[in-house]
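Engineer: Residue numbers (the working numbering), protein chains in the order written: chain A, 198 to 312; chain B, 16 to 132.
Please keep in mind that the hints were generated in silico from the structure rather than gathered at the bench. Note that the coordinates shown come from a computational prediction; the quantities given were computed from them, not determined experimentally. Where a beta carbon is used, it is the ideal one built from N, C-alpha and C, also for glycine. There may be inaccurate statements among the hints.
30 angstroms max Cα-Cα, derived DSBU-like pairs, lysine-lysine [unchecked claim]:
1. K267/A x K280/A
2. K254/A x K119/B
3. K206/A x K254/A
4. K64/B x K267/A
5. K83/B x K211/A
6. K119/B x K83/B
7. K119/B x K267/A
8. K254/A x K57/B
9. K254/A x K73/B
10. K267/A x K73/B
11. K268/A x K57/B
12. K206/A x K268/A
13. K57/B x K73/B
14. K83/B x K206/A
15. K206/A x K280/A
16. K73/B x K131/B
17. K211/A x K280/A
18. K64/B x K268/A
19. K280/A x K57/B
20. K206/A x K57/B
21. K119/B x K131/B
22. K64/B x K119/B
23. K119/B x K280/A
24. K206/A x K119/B
25. K83/B x K268/A
26. K280/A x K254/A
Facing chain B, a subset of chain A residues (Cβ under 7 angstroms, in silico) [stated by the list, open to error]:
27. P236
28. G239
29. V249
30. L287
31. P298
32. E300
33. F303
34. G304
35. G306
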Amino acid sequence: DGGITQSPKYLFRKEGQNVTLSCEQNLNHDAMYWYRQDPGQGLRLIYYSQIVNDFQKGDIAEGYSVSREKKESFPLTVTSAQKNPTAFYLCASSISTGVRPAEQYFGPGTRLTVT
Amino acid sequence: AQSVTQLDSHVSVSEGTPVLLRCNYSSSYSPSLFWYVQHPNKGLQLLLKYTSAATLVKGINGFEAEFKKSETSFHLTKPSAHMSDAAEYFCVVSGPRGSGNTGKLIFGQGTTLQVKP
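Next comes chain A alone, as it looks inside the complex (with noise of 0.2 angstroms):
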C-alpha cells in the first residue's frame, strides 16, 4: 500500500520545546516537502528537498530544521525559536522531472497545538 505517512495526527507542546514531526514515503520519489497550513490560508513551502543529503529553504523556513539522510524520510523539526508553531503540517513527495515540475502527493498531516 503506497503513499505518505505522517505521525502523529495531533501533537500538543509546551512552549520552548522542540518538536520533530515525522515524514516517511513509500513511492520511491526524490522529492519532498514540508508545508504549513494556517486557517484561511493557502499552504506555505517551509523547506524541499530534491535528493537525499540535500535539501532547501522555503518561504518561511525560520524557526525550522530539517534532515533528509534517506531517501524516503524527511523529518521537520520545529524549534523554540518559531514563533508561531501552532498550524497544520502537511508533508508531501513528487517524482523528479528534467523538465516540467510534476504533481506532489500528499500526506495526511500533523495538527500541532504549542500552548
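Assemble chain B onto chain A, guided by the hints.
Structural biologist: Relative to the frame of chain A, chain B by itself:
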C-alpha cells in the same frame, strides 16, 4: 514570477446543481496548473492537472477544468454537485524547471465549497 488567485473564498450550491470554482493565474512561463481538494483535517488530494496537452482536463469525481490562455484562467467545474464534494479546493500553479522555480508549487488561498441538501 508565478501567482494564482482564487476569486471566491466561499461558494455555496445546492446538491445536484453545477459547481464553478474560479481561478486566475499569472506566469512568466508556460505553466503547469493543478486543482487539489482537501476535506477537513485531511491531506490534499489531486483532482486534475494541466501540463500543456489538451486544454480541457478531466479529473476524478466528475470534475473538469479548462485552461484558457487568453483569459489566464483555469476554472474548475462539475455538472452536478454531490454532498461529498463539500471541501476546500486549491488552485495551484508551477513553472517549468530552469526558470529558477525548481518544482515549487504556488497555492491559491483556497475556496470552501458548501453543498446544501
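Engineer: Taking the hints in turn, state whether each one holds.
Structural biologist: Each hint, compared with the structure:
no., hint, result
1, K267/A x K280/A, "holds, 29 angstroms"
2, K254/A x K119/B, "holds, 11 angstroms"
3, K206/A x K254/A, "holds, 24 angstroms"
4, K64/B x K267/A, "holds, 29 angstroms"
5, K83/B x K211/A, "violated, 49 angstroms"
6, K119/B x K83/B, "holds, 22 angstroms"
7, K119/B x K267/A, "holds, 21 angstroms"
8, K254/A x K57/B, "holds, 25 angstroms"
9, K254/A x K73/B, "violated, 34 angstroms"
10, K267/A x K73/B, "violated, 36 angstroms"
11, K268/A x K57/B, "holds, 24 angstroms"
12, K206/A x K268/A, "holds, 22 angstroms"
13, K57/B x K73/B, "holds, 23 angstroms"
14, K83/B x K206/A, "violated, 39 angstroms"
15, K206/A x K280/A, "holds, 22 angstroms"
16, K73/B x K131/B, "holds, 24 angstroms"
17, K211/A x K280/A, "holds, 13 angstroms"
18, K64/B x K268/A, "holds, 26 angstroms"
19, K280/A x K57/B, "holds, 25 angstroms"
20, K206/A x K57/B, "holds, 10 angstroms"
21, K119/B x K131/B, "violated, 35 angstroms"
22, K64/B x K119/B, "holds, 15 angstroms"
23, K119/B x K280/A, "holds, 24 angstroms"
24, K206/A x K119/B, "holds, 25 angstroms"
25, K83/B x K268/A, "violated, 38 angstroms"
26, K280/A x K254/A, "holds, 17 angstroms"
27, P236, "violated, 10 angstroms"
28, G239, "holds, 4 angstroms"
29, V249, "violated, 16 angstroms"
30, L287, "holds, 6 angstroms"
31, P298, "holds, 4 angstroms"
32, E300, "holds, 5 angstroms"
33, F303, "holds, 4 angstroms"
34, G304, "holds, 5 angstroms"
35, G306, "holds, 5 angstroms"
In summary, the numbered hints that this structure violates are 5, 9, 10, 14, 21, 25, 27, 29.
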